[in-house]
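Kindly produce the complete structure, drawing on both the sequences and the hints.
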Amino acid sequence: MINSSLKQLGEMLQAKKISSVELTQSFLSRIQQYNPDINAYIALDEAKTLTQAKAADALIASGDTTPLTGIPIAQKDIFCAKGWKTTCGSKMLANFIAPYDAHVITQFDAAGAVNLGKTNMDEFAMGSSNETSYFGGVKNPWDFKRVPGGSSGGSAAAVAARLCAAATGTDTGGSIRQPASLCGFTGLKPTYGVVSRYGMIAFASSLDQAGPMAKSAEDCALMMNVMAGFDERDSTSLQREKEDYTRDLHKPLQGLKIGLPKEFFAEGLDANVGKVIEGAIAEYKKLGAEIVDISLPNTGLSIPVYYVLAPAEASSNLSRYDGVRYGHRAESYTDLMDMYCKSRAEGFGAEVKRRILIGTYVLSAGYYDAYYLKAQQIRRLIAQDFVEAFKQCDVIMGPAAPSTAFKAGEKVDDPVAMYLQDIYTISTNLAGLPGMSVPAGFSTGSDGKVLPVGLQIIGNYFDEARMLNVAHQYQQVTDWHAQIPNLGKPNLVLPEELK
Amino acid sequence: MEWEVVIGLETHTQLQTNTKIFSGASIKYGAEPNTQACEVSIALPGVLPVLNKEAVQCAIKFGLAINAEIAPRSVFARKNYFYPDLPKGYQISQYELPVVGKGAITIQVPAVGKNPAYEKVINITRAHLEEDAGKSVHGGFDLEKLDEAKWDEPVTKGNFTGIDLNRAGTPLLEIVTEPDMRSAAETVAYAKKLHELVQWIGICDGNMQEGSFRCDVNVSVRPKGTGKLGTRREIKNLNSFKFMTQAIEYETRWQIEALEDGGTIQQATVLFNPDTGETRAMRSKEEANDYRYFPDPDLLPLEVTEADKAAVRANMPELPEAMKARFEAEYGLSSYDASALTTSRDLATYFVATVNSGAEAKQSANWVMGNISAKLNAEDRTIAASPVSATQLAQLLKRIADNTISNNAAKQVFEVLWSREIDVDEVIEKLGLKQVSDSGAIEAMIDEVLAANPAMIEEFKAGKEKAFNALVGQAMKASKGKANPAQVNEVLKRKLSAS
Numbered sequence: 001m002i003n004s005s006l007k008q009l010g011e012m013l014q015a016k017k018i019s020s021v022e023l024t025q026s027f028l029s030r031i032q033q034y035n036p037d038i039n040a041y042i043a044l045d046e047a048k049t050l051t052q053a054k055a056a057d058a059l060i061a062s063g064d065t066t067p068l069t070g071i072p073i074a075q076k077d078i079f080c081a082k083g084w085k086t087t088c089g090s091k092m093l094a095n096f097i098a099p100y101d102a103h104v105i106t107q108f109d110a111a112g113a114v115n116l117g118k119t120n121m122d123e124f125a126m127g128s129s130n131e132t133s134y135f136g137g138v139k140n141p142w143d144f145k146r147v148p149g150g151s152s153g154g155s156a157a158a159v160a161a162r163l164c165a166a167a168t169g170t171d172t173g174g175s176i177r178q179p180a181s182l183c184g185f186t187g188l189k190p191t192y193g194v195v196s197r198y199g200m201i202a203f204a205s206s207l208d209q210a211g212p213m214a215k216s217a218e219d220c221a222l223m224m225n226v227m228a229g230f231d232e233r234d235s236t237s238l239q240r241e242k243e244d245y246t247r248d249l250h251k252p253l254q255g256l257k258i259g260l261p262k263e264f265f266a267e268g269l270d271a272n273v274g275k276v277i278e279g280a281i282a283e284y285k286k287l288g289a290e291i292v293d294i295s296l297p298n299t300g301l302s303i304p305v306y307y308v309l310a311p312a313e314a315s316s317n318l319s320r321y322d323g324v325r326y327g328h329r330a331e332s333y334t335d336l337m338d339m340y341c342k343s344r345a346e347g348f349g350a351e352v353k354r355r356i357l358i359g360t361y362v363l364s365a366g367y368y369d370a371y372y373l374k375a376q377q378i379r380r381l382i383a384q385d386f387v388e389a390f391k392q393c394d395v396i397m398g399p400a401a402p403s404t405a406f407k408a409g410e411k412v413d414d415p416v417a418m419y420l421q422d423i424y425t426i427s428t429n430l431a432g433l434p435g436m437s438v439p440a441g442f443s444t445g446s447d448g449k450v451l452p453v454g455l456q457i458i459g460n461y462f463d464e465a466r467m468l469n470v471a472h473q474y475q476q477v478t479d480w481h482a483q484i485p486n487l488g489k490p491n492l493v494l495p496e497e498l499k
Numbered sequence: 001m002e003w004e005v006v007i008g009l010e011t012h013t014q015l016q017t018n019t020k021i022f023s024g025a026s027i028k029y030g031a032e033p034n035t036q037a038c039e040v041s042i043a044l045p046g047v048l049p050v051l052n053k054e055a056v057q058c059a060i061k062f063g064l065a066i067n068a069e070i071a072p073r074s075v076f077a078r079k080n081y082f083y084p085d086l087p088k089g090y091q092i093s094q095y096e097l098p099v100v101g102k103g104a105i106t107i108q109v110p111a112v113g114k115n116p117a118y119e120k121v122i123n124i125t126r127a128h129l130e131e132d133a134g135k136s137v138h139g140g141f142d143l144e145k146l147d148e149a150k151w152d153e154p155v156t157k158g159n160f161t162g163i164d165l166n167r168a169g170t171p172l173l174e175i176v177t178e179p180d181m182r183s184a185a186e187t188v189a190y191a192k193k194l195h196e197l198v199q200w201i202g203i204c205d206g207n208m209q210e211g212s213f214r215c216d217v218n219v220s221v222r223p224k225g226t227g228k229l230g231t232r233r234e235i236k237n238l239n240s241f242k243f244m245t246q247a248i249e250y251e252t253r254w255q256i257e258a259l260e261d262g263g264t265i266q267q268a269t270v271l272f273n274p275d276t277g278e279t280r281a282m283r284s285k286e287e288a289n290d291y292r293y294f295p296d297p298d299l300l301p302l303e304v305t306e307a308d309k310a311a312v313r314a315n316m317p318e319l320p321e322a323m324k325a326r327f328e329a330e331y332g333l334s335s336y337d338a339s340a341l342t343t344s345r346d347l348a349t350y351f352v353a354t355v356n357s358g359a360e361a362k363q364s365a366n367w368v369m370g371n372i373s374a375k376l377n378a379e380d381r382t383i384a385a386s387p388v389s390a391t392q393l394a395q396l397l398k399r400i401a402d403n404t405i406s407n408n409a410a411k412q413v414f415e416v417l418w419s420r421e422i423d424v425d426e427v428i429e430k431l432g433l434k435q436v437s438d439s440g441a442i443e444a445m446i447d448e449v450l451a452a453n454p455a456m457i458e459e460f461k462a463g464k465e466k467a468f469n470a471l472v473g474q475a476m477k478a479s480k481g482k483a484n485p486a487q488v489n490e491v492l493k494r495k496l497s498a499s
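Quick mapping for you: the protein sequence lines, in order, are chains P and D. All residue numbers for the first sequence refer to the numbering used here, where the first residue is 1 and numbers rise by one. All residue numbers for the second sequence refer to the numbering used here, where the first residue is 1 and numbers rise by one.
Since no wrong hints were added, every one of them can be taken at face value.
Computed list of lysine-lysine pairs in DSBU-like fashion (alpha-carbon distance at most 30 Å, straight line):
hint : chain 1 : residue 1 : chain 2 : residue 2
1    : D       : Lys477    : D       : Lys411
2    : P       : Lys242    : D       : Lys53
3    : D       : Lys135    : P       : Lys353
If you are wondering where the hints come from, they were derived from the structure by calculation, not from laboratory data.
Below you can see the structure in the form of structure tokens.
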């Protein structure tokens, strides 16, 4: 049952083969068993969760259902959920109980889904390994010595370890796709503006975008049907017709033009990861796709541009955490300035402070033009690269991350090495484009561990349905997405051809 | 050396919208603290601003009223600084691209002593939309309402600062002039004109006590005849025209004395103390914040189309200048009268209503500017709160016109009307002020007067004009003031020439 697709679970619930309470309880007991090791969840509230499950069962009994009614979904702890502790992975909000619901939470509630708990994450979504969380790191279910990626590390581990039916994540520079790659499941970052940011705690407003993290492209499509849609409370939310993201899943891929940017296969890519991606491309050729060599010449600038713009926005977005109205306030202080300084010094972790400092610096008088304004100009060039590329192809493919999951502690003291984890994902955030990561095989790590590898699919604006189709067709002829880790026991044996 | 003072104004006008500029919370003045602070006002994690279209319409209205350029695209920026009553840690304001560009306001500077009244054009640099901050309440508030158990130290009135976020997010239009004013009189004339204009077009209630109209005055001095501007000091938050005059006069003297003593002026923000009549530096430029302005990524650029402008224009009231011209043409009023009647929209409306109720225009103008204004000034009331309505005034004036009462009698009636709610005719009746216009009665009465005063008739015949007036006086006295003086004149003349 824990491996069942959302569609199968929905059918079982509606046919009353299982109740939402039973399904929820089975996930809760699995969480109880594995979460103490994996640490995927920051907040669990059995009573609240089961109340929702009971309500879902009542809806099912009355026939008033949606495809997700009664299904337990894990929510990244970045979404405010009324009555739930909402921490964003920070000591600053360690005791913050949200008094209102984020748009995404409202959408799942309206669909009758069950909130299973709040998942662990890098503090304020700043990190690529989940190691900046105030609530401790998260273990990669494929190898407990390794990180799950970040910032949506808790949701990633929960999906991979089957500690939820599906989860939500947010992606500012790769925070859905990189962990999806490192943990071996399907994750989608939609076009900027497709999912409302209302109630989603802001990191970098012009880049943040919520999306689904699930076992398959089909599951992601069902999640998108709930999450996407215009919301007048978010001025950057796009006013578009409601769409059914499952509508194109079954279309054949004959004639699909896949662009392979040479910059995604250059220095810095782990050779074994590269091999897996090549294998996936070969599979697409078999499905009738054509391969086009393309170039995204400004890819190399995406990391420096991102590490100017994202911290700039973050430095301002995080100013509200001042200890005045809510959140952490220092025990003792001499005056107002002292209260600010101590509260923020104590409440924020090192990575958050680093980014606030970078952001404050690049926005300062005298530096603004050289950094912030210049970065905005390059951001437009990066977006233009994609406009040119999509004249030649329908989707762009490449790796989602440069390597498989790395060991906990390995990159903690080397922020630049950590930042390079997002080299292939960041440019799509800067351009506002949709991107996804799909399990494409396994690679052997330095210590012989067999670890998942994700194929990234980048689509044109609002092409999510087509990307899901491209991923779904691949998942019909491969079973990488169906592989599950043994949670602490030796993992599956690598197939001969990949050794 | 002769000095010249150079003054520019920044005025914060609170816009008369139903809700805050970026949220749906009410902006009503005087509510219990924090009862009008929604999740956006408190700046909870995850909330987002949505621009209030009403505020934009107010800005367009103002732009149209001063013939300004209205930007087709303007941008909201974040002004970053920490203060307890600034919940987000930044204020959303317009910085590089304001919604209203260059415009102009013509002011009338009243005569002072031998200097005659004159007109002057004050150039407006820009007007931009922004949000107000909340209020810090330093002690002195109701401690009964605080839950003392929550605080470690005993709470006293002195050691406690409360934050009231009711005002946070109130829409403001900040109107900035060029340094075009050369005296306190010009500055006050501009401020009064602006104060009337924003009320006239209905974008601000003009209530200075409640902070709806606040002026910051930039003052500098320079030797007369030099072109270069002196270093300015900014007098913050003047909330009455009287204080404005006092503050400018004090500040000008202070700066001139400082320079004449061989000193220099440091750029600074100063506060005016109404008790001492002095200005005092609050902070110098060295301590000034670097606000790290950057475009707010949560808000799209504000676009104003020709159609938007046309829609606002269609709902614009007639502006004072146009109305003044119309009063001259339509009612034959003098330029002075028309100008005086259009100093406020309420006054103009009252005048028009009086005329429309059947009173003669010139007489209405005289009464509105004379008796009514005198009463209002004496009692510190506005025309909108006049106890004598326009229809009552018209009725009264009609009774003068139809010879029911004399002008003097009308003044007595007016006194009664002012203090009691009562009908005009009823007052005339009760006071017995009705004029005798019955020609038979008047003739008989004059016969009596002539018979009783043969000496006066002789004097009149000997060419003494005064004797005629004395006879009129006798006749009026005999009628107890009720005879129509014009009729008395006529009958007396006829009888004297006949005798």
